[in-house]
Amino acid sequence: MTLDRDAVAARIARDIPYGAYVNLGIGAPTLIADHLPDELDVTLHTENGLLGMGPAASGDAIDGDLINAGKQPVTELPGAAYFSQADSFAMMRGGHLDVCVLGAYQVSAGGDLANWHTGGPDAIPAVGGAMDLAIGAKQVWVMMDLLTKEGAPKLVTSCSYPLTGIGCVSRVYTDRAVFAVGPGGVSVLDRFDITLEQLRDLTGLDLT
Amino acid sequence: MRDKVVPDLAAALDGVSDGSTVLIGGFGLAGQPLALIDALLEQGASDLTVVSNNAGNADFGIARLLAAGRVRKVVCSFPRQSDSYVFDELYRAGKVELEVVPQGNLAERIRAGGAGIGGFFTPTGVGTLLAEGKETRVIDGRSYVLESPIRGDVALIGAHRGDQLGNLVFRKTSRNFNPMMATAATLTIASVHEIVPVGDLDPETVVTPGIFVDRVVRVEVAA
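Those protein sequence lines, which keep their order, are chains A and B. Numbering that gives the first Met the number 0 numbers the first residue of the first sequence as 0 and each following residue consecutively. Numbering that gives the first Met the number 0 numbers the first residue of the second sequence as 0 and each following residue consecutively.
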């Protein structure tokens, strides 16, 4: 059994601490917002310059001047604040964000992140805020499938794609299990109807 | 009283030279001063280096400047988007140079340019392709890479409201790179949707003080 993206998002939401300032990366991590209960009192940061971001905007609420980092129209919540890019990345680089959740091509056992560039000959490199996010938040978590469409593990001994940051990821949430990564190697925090042995076979990693 | 308001877009862009480095505000289309960019196209300057977060959307703004062959080099954080086909084609054909800069480094390099800072050490990008060839230093046990300031000959700023002294306020997430860029160019040109009488902007909420702004021109809100 594998969890679908929405279920992985819900699983991540369960681990976000009360009152946290959180940045959710473009793509699948934005789904996490739908699973954050109001009483958790989480404040969402979007790096294009808003703290206190609300849900996606629709209909008359769509305003071209109010977008998220994925350039989708969003809303502001009471108590929101707007700021420049310099302030926004000071929040990030300065360690003021509690949690950031990013997508990834690969994460290494030691917590290296590759999520910005495939390095392919025809690829146009585009980094956006990925490198700043990777090193900025107090905790950097990754949300990704454990395997590529071809069945290759994305949790690896060492990344083959160009790096976004070194040793920056602490936790990896996948459709099959949740992992802690870092200097001590990889340990399994949660499994979704799969054995430790099966996870070792899939990843080829010395999981504990 | 000094009056930085110019009558029209042609006056706003007057004197921009070939080979200029042009800082252009905006994140996607939010805060991107489309009318100023169109006026720059009209004005005719070429061989430009454009510094902006993105490399153009669809056929608007920066994309239009690129399509007209006016841009030699783009310095940005995120060129590749679902609607960046103009840039993509030029880049793949080798017709435009690209320097990719992490978004926070881009913001801080421009801030440094405007603030008279000669460079700064940042943890962003350490150990990656984007730090190759740059000086690194360990400070208090953490690795940092040296980044250089960026300055422009011209900055095109998309603001919301302004006065004749050049004081500016922005609207929602259209603020983005605009305030830093306003500080970092020899000639800063701001478009606003509304020009208000001097004294009407609350001094406590002015985002860009007029000292940073050379010309202000009123434009219609883009449809």
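Just so you know, the hints here were simulated from the structure itself, not pulled from any lab data. Any given hint could be a false lead.
[Claimed, not checked] Some but not every residue of chain A turned toward chain B, in silico, with C-beta under 8 angstroms: (1) 48; (2) 76; (3) 91; (4) 145; (5) 146.
Don't be surprised by glycine CBs; every beta carbon is placed ideally from N, CA and C.
Hint check results:
1. 48: 5 angstroms, holds
2. 76: 13 angstroms, violated
3. 91: This hint holds: residue 91 of chain A lies near chain B, its Cβ roughly 6 angstroms from the closest one there, short of 8 angstroms.
4. 145: 24 angstroms, violated
5. 146: Nearest chain B Cβ about 25 angstroms off; hint violated.
Violated hints for the displayed structure, listed by number in ascending order: 2, 4 and 5.
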